[in-house]
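Student: So you can see what is in the structure, the chains are spelled out below.
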Amino acid sequence: MSLIFERFECSKMFQRCSLLKKNYIMNHAMNHAVHLTPRPPMFKRRFFGLRRNMLAGYLFIAPLLLWLAATILYPLLSAIALSLQDVRIIGTPGKFIGLDNYARLLSSESFWQSFGRSIAWVVGNAVVQTLAAFVAALILNQRFRGQQFARIWIILSWIVPTVVVVIIWRWLLSSSGVVNFLLMSLHLTNEPIGFFGAPTSAAASVILINAWRWFPFMAVTVLAGLQSIPQELYEAAAVDGATAIQRFWRITLPLLQPVLFVLGLVGTLLSFNVFDIIWLLTGGGPSNATTTLPVLIYDTAFTKYRLSQAAAISVLSGLALFIFALLFIRFMAPKQEEGS
Amino acid sequence: MNASMRNRILLTLGVFFLLFIVIAPFYYVVTSSFKAPQEIIARTPTLIPQSFTLQHYEKLFRASNFPTYLINSLIVASGAMLLCVLLSTLAAYGLYRMRLPGSQFLFRIILITYAFPGVLLLIPLYGMLSQLGLIDRLLALIIINVTFTAPFAVWMLRAFFTTIPLELEEAAALDGANRLQALTYIMLPLSAPGVASVAIFAFITSWTEYMFASVLILSDANRTVPVGLAGIIGQYQVDWGLLLAGATVTMLPVLILFSLVGRSFVEGLTAGAVK
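So the sequences go chain by chain: A and B.
Sequential numbering from 1 applies to the first sequence in our numbering.
Sequential numbering from 1 applies to the second sequence in our numbering.
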């Protein structure tokens with residue numbers, strides 16, 4: 001009880017402090033404002049205020065929307081146009097060939113294999129990252145010394161450039177690297193393992209490395225969700241004699257659902273999108289074991305020089321993701337409570 | 001041993017394990033970049049460096065094009081950062097502070113573009129930029145990076161913009177300030193940590209970007225650090241010292257910038273999903 005009271009006092013004090021600061025800045029701002037416009041246009045404001053205000057509002061958003069339209073919407077449409085032609089290298093004219101590219105893809109084995117690998121990639125990453133992120137978030141949610149430090153710097157592996165991640169793990173996993181040294185000195189293996197040499201171990205290694213990179217992002221998001229759960233619920237549950245496990249299943253998980261929904265949707269799309277880490281670690285090999293759809297798109301366009309075909313793969317992938325997103329929203333969206 | 005004691009020990013072990021997994025590889029890479037070549041490839045790895053040399057850094061800056069890559073990356077990341085902050089603060093102000101009809105809808109559109117997989121745009125953007133004559137130009141990378149950072153920046157700003165009381169702006173409006181002035185003199189100073197986080201997010205993301213940079217840039221003189229470094233991975237027969245030094249220099253700006261805004265950065269990162 002006294003704890004709650006203390007927190008209340010604290011937040012009041014904080015509010016007072018920040019109000020003082022805001023007052024200061026506001027005075028400052030008003031001084032400036034007076035300087036800049038000596039004549040307040042009160043008359044006009046009264047008559048046209050509302051409409052002018054709205055127009056101004058859209059003007060604020062317009063630059064970004066136009067930018068996105070030019071660099072996302074327009075390319076998206078031109079990808080569809082390109083996928084209906086037979087362009088090989090950019091700049092060369094293409095002939096309209098209808099749906100030929102699509103027909104070829106849908107009957108090609110390598111497309112469906114990549115499709116399957118992309119699903120395996122997304123699922124594998126989701127499983128590893130979710131587990132790691134939950135463990136990390138539950139640990140970071142406790143009180144301990146250095147908690148602030150840990151909560152911030154856990155994100156380190158997510159903010160460094162991919163190429164750095166690639167160098168780190170290529171080195172640690174190389175035949176004379178630390179990981180092999182540890183495995184050998186523990187007598188788990190007699191000779192160094194070539195992690196990227198065999199299809200299965202290469203795919204598993206790339207998934208684990210990518211998960212190592214991304215799980216902190218997920219962890220801090222889950223942590224923020226955990227902190228938004230009122231502490232009183234846990235106290236009440238503890239009074240009623242609920243065990244830690246019961247509290248997790250009955251309070252934590254249900255209340256985290258909105259956060260998990262966003263993570264599930266956005267995380268899947270971002271995870272599908274991963275290209276550089278795979279390309280730089282394995283180049284899609286060995287024997288195409290790590291050629292997911294993004295790798296296939298890149299490879300088709302820039303090493304096989306079949307631009308239109310790559311565009312068709314992009315369109316099909318986009319379609320698949322769109323269907324996934326619709327289904328996910330339809331079935332996984334957190335249910336709104338009545339009346340809210 | 002009682003239960004609370006056991007919990008404390010378990011917690012401490014957990015925290016150490018967590019930080020070890022994330023931070024240990026970085027420690028090992030950075031310290032090893034100062035080791036002599038024979039120590040780097042020694043059969044038994046050394047946790048604490050037994051030798052000290054700057055030769056890998058010397059080689060990196062003298063014998064490779066790395067300084068050029070650094071300058072190019074700096075140009076791309078700064079340019080993208082400025083444009084991203086400009087576009088995203090304007091949009092965030094319109095979206096969160098002006099109660100426009102349809103702003104929820106516009107917000108969703110911007111969210112979708114954030115989650116939109118960039119790889120699907122690789123081919124058409126390549127085509128579009130080559131028609132504009134921007135292939136092998138740093139400007140192309142600036143444009144791309146703004147596209148892929150600005151939507152998330154708008155999302156990040158939400159947490160900072162929505163907490164500032166509307167009365168402040170009303171007071172300014174009474175004094176005759178227009179909306180742009182309200183944004184510049186009230187919103188931006190009050191949400192400074194948020195704006196700084198967004199700026200650094202844009203800088204870091206652009207500094208890191210590999211896929212578009214590898215396709216849109218053709219000449220070595222225009223390469224950015226990630227592509228240049230990736231080139232070194234393949235180019236020489238594996239010179240680990242050089243690569244470790246390269247990795248250390250590449251992540252240095254990221255670490256410095258992140259340490260400036262770490263807390264509000266993480267706050268902004270997660271607020272979008274929670275609220």
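Keep in mind that the hints are not guaranteed to be accurate.
Stated by the list, open to error - Quick list of simulated restraints, FRET-style, between CB atoms: (1) B:Leu47 with A:Tyr305: 18 to 28 Å; (2) A:Arg330 with B:Asn2: 46 to 56 Å; (3) B:Ser51 with A:Ser201: 27 to 37 Å; (4) B:Leu180 with A:Ser110: 20 to 30 Å; (5) B:Pro165 with A:Gly94: 49 to 59 Å; (6) A:Leu77 with B:Thr53: 22 to 32 Å; (7) A:Tyr234 with B:Leu47: 45 to 55 Å.
Stated by the list, open to error - Not everything, but these chain A residues come out facing chain B in the computed CB check (under 8 Å): (8) Met54; (9) Trp67; (10) Gln142; (11) Phe275; (12) Ser317; (13) Leu319.
By construction, these hints were calculated from the structure, which means they are not laboratory data.
Note that CB positions come from ideal geometry on N, CA and C, so glycine has one too.
Student: Answer holds if the nearest beta-carbon of chain B is closer than 8 Å to that of leucine 319 (chain A); otherwise answer violated.
Tutor: violated (10 Å)
Student: Was the hint right that serine 317 (chain A) lines chain B, CB cutoff 8 Å?
Tutor: holds (6 Å)
Student: Go through the hint on methionine 54 (chain A) and say holds or violated, using the shortest Cβ distance to chain B against 8 Å.
Tutor: The hint holds - methionine 54 (chain A) has a Cβ within 8 Å of chain B, the shortest such distance being about 6 Å.
Student: Let's test the interface hint: is any C-beta of chain B closer than 8 Å to that of glutamine 142 (chain A)?
Tutor: holds (5 Å)
Student: May I ask you to test the interface hint for phenylalanine 275 (chain A) with respect to chain B, counting a Cβ-Cβ separation under 8 Å as satisfied?
Tutor: holds (5 Å)
Student: For tyrosine 234 (chain A) and leucine 47 (chain B), compare the CB-CB distance with the range 45 to 55 Å and indicate the outcome.
Tutor: violated (41 Å)
Student: Mind checking the hinted window 18 to 28 Å against the Cβ distance between leucine 47 (chain B) and tyrosine 305 (chain A)?
Tutor: violated (48 Å)
Student: So does arginine 330 (chain A) sit 46 to 56 Å from asparagine 2 (chain B), Cβ to Cβ?
Tutor: holds (50 Å)
Student: Can you let me know if the beta-carbon spacing of leucine 180 (chain B) and serine 110 (chain A) is within 20 to 30 Å?
Tutor: Roughly 54 Å apart at Cβ, these two residues miss the hinted range, so it is violated.
Student: Holds or violated: the 22 to 32 Å window for the beta-carbon distance between leucine 77 (chain A) and threonine 53 (chain B)?
Tutor: violated (55 Å)
Student: Please test the hint of 49 to 59 Å on the beta carbon pair from proline 165 (chain B) and glycine 94 (chain A).
Tutor: For proline 165 (chain B) and glycine 94 (chain A) the Cβ distance comes to about 57 Å; the hint holds.
Student: Can you tell me whether the CB distance of serine 51 (chain B) to serine 201 (chain A) sits inside 27 to 37 Å?
Tutor: holds (33 Å)
The earlier numbered hints that this structure contradicts are 1, 4, 6, 7, 13.
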